[in-house]
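Trainee: Chains as they are written, first to last, in the working numbering: chain A, 1 to 463; chain B, 1 to 463.
Just so you know, the hints here were simulated from the structure itself, not pulled from any lab data.
Incorrect hints may appear among the rest.
Stated by the list, open to error - Heads up, simulated DSBU-like pairs for lysine-lysine below, C-alpha to C-alpha not over 35 angstroms straight-line:
| # | chain 1 | residue 1 | chain 2 | residue 2 |
| --- | --- | --- | --- | --- |
| 1 | A | Lys-375 | B | Lys-31 |
| 2 | A | Lys-8 | B | Lys-158 |
| 3 | A | Lys-371 | A | Lys-453 |
| 4 | B | Lys-158 | A | Lys-101 |
| 5 | A | Lys-420 | B | Lys-134 |
| 6 | A | Lys-72 | B | Lys-375 |
| 7 | B | Lys-453 | B | Lys-400 |
| 8 | B | Lys-385 | B | Lys-375 |
| 9 | A | Lys-134 | B | Lys-200 |
| 10 | A | Lys-134 | B | Lys-158 |
| 11 | A | Lys-72 | A | Lys-39 |
| 12 | B | Lys-400 | A | Lys-100 |
Stated by the list, open to error - Anything over 12 angstroms on all C-beta distances counts as not near chain B; from chain A, calculated:
| # | residue |
| --- | --- |
| 13 | Thr-3 |
| 14 | Phe-6 |
| 15 | Ile-48 |
| 16 | Lys-124 |
| 17 | Glu-266 |
| 18 | Lys-378 |
| 19 | Ala-412 |
| 20 | Glu-417 |
| 21 | His-437 |
| 22 | Glu-448 |
Every residue, glycine too, gets a C-beta built ideally from N, C-alpha and C.
Protein chains: 2
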Amino acid sequence: MLTYDFEKIDGPIYLYIYQCIKDDILSGVLKPGEKLPSKRSFANNNGISTITIQNAYDQLISEGYIYTRPKKGYYVARIEGLQRIPKQKDVHYDIEIPKKKEFRYDISSNGINSDNFPFSVWTKISRDVMSNRKEDLMEISPTSGVLCLRQAIADHLKSFRGMLVDPDQIVVGAGTEYLYGVIIQLLGQKVYAIENPGYKKLTMIYGQRGIDCRYAVMDDDGVTVPGLEETGADVAHICPNHHFPTGITMPASRRYEILAWAKAGEGRYIIEDDYDSEFRLEGKPIPTLFSIDGSEKVIYMNTFSKSLSPTIRISYMVLPVHLANLFYREMSFYSCTVSNFEQYTLAQFISQGYFEKHINRMRLYYIRQRKRILKALKASGLIEKCGIRENGSGLHFLLKLDTSKSDQEVEAELEEEGIKIRALSDYYLTEGDNRQHYFIVNYSDLTEDDMEKVAGALFRVLQ
Amino acid sequence: MLTYDFEKIDGPIYLYIYQCIKDDILSGVLKPGEKLPSKRSFANNNGISTITIQNAYDQLISEGYIYTRPKKGYYVARIEGLQRIPKQKDVHYDIEIPKKKEFRYDISSNGINSDNFPFSVWTKISRDVMSNRKEDLMEISPTSGVLCLRQAIADHLKSFRGMLVDPDQIVVGAGTEYLYGVIIQLLGQKVYAIENPGYKKLTMIYGQRGIDCRYAVMDDDGVTVPGLEETGADVAHICPNHHFPTGITMPASRRYEILAWAKAGEGRYIIEDDYDSEFRLEGKPIPTLFSIDGSEKVIYMNTFSKSLSPTIRISYMVLPVHLANLFYREMSFYSCTVSNFEQYTLAQFISQGYFEKHINRMRLYYIRQRKRILKALKASGLIEKCGIRENGSGLHFLLKLDTSKSDQEVEAELEEEGIKIRALSDYYLTEGDNRQHYFIVNYSDLTEDDMEKVAGALFRVLQ
Chain A
1 MLTYDFEKID GPIYLYIYQC IKDDILSGVL KPGEKLPSKR SFANNNGIST ITIQNAYDQL
61 ISEGYIYTRP KKGYYVARIE GLQRIPKQKD VHYDIEIPKK KEFRYDISSN GINSDNFPFS
121 VWTKISRDVM SNRKEDLMEI SPTSGVLCLR QAIADHLKSF RGMLVDPDQI VVGAGTEYLY
181 GVIIQLLGQK VYAIENPGYK KLTMIYGQRG IDCRYAVMDD DGVTVPGLEE TGADVAHICP
241 NHHFPTGITM PASRRYEILA WAKAGEGRYI IEDDYDSEFR LEGKPIPTLF SIDGSEKVIY
301 MNTFSKSLSP TIRISYMVLP VHLANLFYRE MSFYSCTVSN FEQYTLAQFI SQGYFEKHIN
361 RMRLYYIRQR KRILKALKAS GLIEKCGIRE NGSGLHFLLK LDTSKSDQEV EAELEEEGIK
421 IRALSDYYLT EGDNRQHYFI VNYSDLTEDD MEKVAGALFR VLQ
Chain B
1 MLTYDFEKID GPIYLYIYQC IKDDILSGVL KPGEKLPSKR SFANNNGIST ITIQNAYDQL
61 ISEGYIYTRP KKGYYVARIE GLQRIPKQKD VHYDIEIPKK KEFRYDISSN GINSDNFPFS
121 VWTKISRDVM SNRKEDLMEI SPTSGVLCLR QAIADHLKSF RGMLVDPDQI VVGAGTEYLY
181 GVIIQLLGQK VYAIENPGYK KLTMIYGQRG IDCRYAVMDD DGVTVPGLEE TGADVAHICP
241 NHHFPTGITM PASRRYEILA WAKAGEGRYI IEDDYDSEFR LEGKPIPTLF SIDGSEKVIY
301 MNTFSKSLSP TIRISYMVLP VHLANLFYRE MSFYSCTVSN FEQYTLAQFI SQGYFEKHIN
361 RMRLYYIRQR KRILKALKAS GLIEKCGIRE NGSGLHFLLK LDTSKSDQEV EAELEEEGIK
421 IRALSDYYLT EGDNRQHYFI VNYSDLTEDD MEKVAGALFR VLQ
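Bound conformation, chain A alone (with noise of 0.2 angstroms):
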């Protein structure tokens, strides 16, 4: 006879009694061929209703651990498929994860805020698309991503940085990374050029795929065409519209220079990196590279990771014609690497207006934040120790310290304070005559507390 302890229930029982003799079968307790007990039997023993146990019974029937032979009673299966194994502790290797050092304060990243996310909005239109759109969510999604999310990412392309793309032209993928190996597939193993000081990320994910990655020099305007020249690359891999961390945004001369030396060589192509050009606080936006291009030669990027959360992973690149038709000959067996239930939400989500607000709101909110770091550093007596160079984009700013002290020396200090800073030399990719005593302030993620705390420390370490 079975027996279970009844006491510490919690939930239904049909369930519990469920699990139990489930278990028990696994682990081998009960033997295929076994007989249940009756219903009645197994209830008066335990003072359940037989309702109770024909419901558990019932459960165990439809996932095949037990069957009926009419006028018989229930037996235990022979589990088809399952392996029975003793229950047994969990494993644990040595596996060493590299940890990230934790600070109090981190105004050295490229990040943003994420306590702004529109959960109820996010919410709302999720549950929207699960229970109206079953079909759609079921259908495999083109290589390129949904048409409808396409469309809506052209739509708001069209309104917000005056490009006109056709939907085919853009390709959804899980993130830029990823985007960027796909990138690599389409133009081949070509020499690949970088901006310096620029994101050292992007060399390690060049060099892991196995691709020549060399630096090109920048100057006030953006990368120059000399440092292009200079490298050997075929392809130019460059945030014209806010360099990070420098804050430049490439003037319009310097633009079509650019896209001249894309034009002069033929397998020359550009990747025009757009990463948070809809948190620009002020000035006239400059057209993007892409938008004035009439060769052809510009792949543009962008991310939904700055925009919205780095936690939902959606990017998308623009490309040019010949390669949209490229991508579609070479590499339509691909599956497309984001799930549709999360393609048709931000579809909706951008379609029925909400990233558009979203946006606005957010960019009110970085404007604020930017006016209250400058008044704590103004309160704290540093303004007349430093200078700010920024352009007015973007969630981040570079102050200046006038200090003998080396960059190095600085970051260590603060470190001490808890606070995560780095200099604008730490992004130099090559050794040599790379400016000192820059520090990039991201204000994106600080609370006026942080704030007042970070202003402190950066003047105590002038003294």
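Let chain A serve as the given structure and place chain B on it in line with the hints.
Mentor: Using the frame of chain A, we list chain B on its own:
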């Protein structure tokens, strides 16, 4: 004075007014600094309450389109970061997207049935996750995936596959295709062997990444050691548990031979692709290669594409300990490619027992499907002119047709009847002695009516 057409309003009036004014600002009809009508006069003029106008103005203020000067009124803001562009038509270029031929019945694939996706539970859990795990959802996931999902997968592998795995050995990614790319980066550019016959897509995936991919001969027990030796490959990508399309399950003896092959060379590895082990319909399960591998030579891969839906892009691999360490050391800079929202939803789906229930339900469903199609083949009189080769696993079997027609002729005749069928010979990756007259019959997604039609058409082909 602003005048808008209030006849065709769909939704709240204040939103309509808000949208009209915003459009006028964006298109330049309303210029920066221009004064808007007072709430009262706007309201009176259009027979609307001032509260409605107030709401519209408030929305515009909160989004930064207009501003208010105390006691003076409302003014159009200088919109920063937005480009005023005239309304334009949609762009359309000639981008040729390869069209897939539509068939009424498709028995060719290794697809699944998605009608039974557990929408209500999935919706419930994803709503739970969004209301109760907001912080977790915004916290950037480790490269390998969030711990609670990896823990849930480890628990599932233990109870379902008898595999003892540390969650830190598990790497979650947006589809197996993506994970193959990770493996290539992890192992370096080696020679890979895939099974012949086998999955053509693998050739394309490896080819796109510049990998030298060769074909290893199979016999009735699966891939052979001489076959692997002959390729000169270092990495064997194989499906020992249920090979597609042959359906072969590699017996234990061959498994040990293959492991010995891997052990004999330092850089040798086995990728064990276990894409549909959940749907083993009968027979004793054979332990995975991963479980019996004592030399850290096996990378185990599986996906939720088959067990849940191909439109949810979540797959995972289990790395041997030394490769897990290498992964964390070399590739921690990558972002995880699966969104937190779906990672947490799936984690809860598994850990609350819904995944197991779903699999059990689907297994019963597929067993019924198999019975139905066998019945339909019998009823059509076809069963006497064909043989069935299957091993009780997965969602397809091989049908041997007693015909002198070539495989291409059979395929073409059935195509005429709207049926997509593929021969085993289509899956041979090399020319030569390829078995004729074997056809894949995937019964996962056919109705009983479909089955009758397909059986009838097959019968006619044999006349």
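Trainee: For each hint given before, does the structure comply? Return the numbers of the non-compliant ones in rising order.
Mentor: Violated hints (numbers, rising): 12, 16; every other hint is consistent with the structure.
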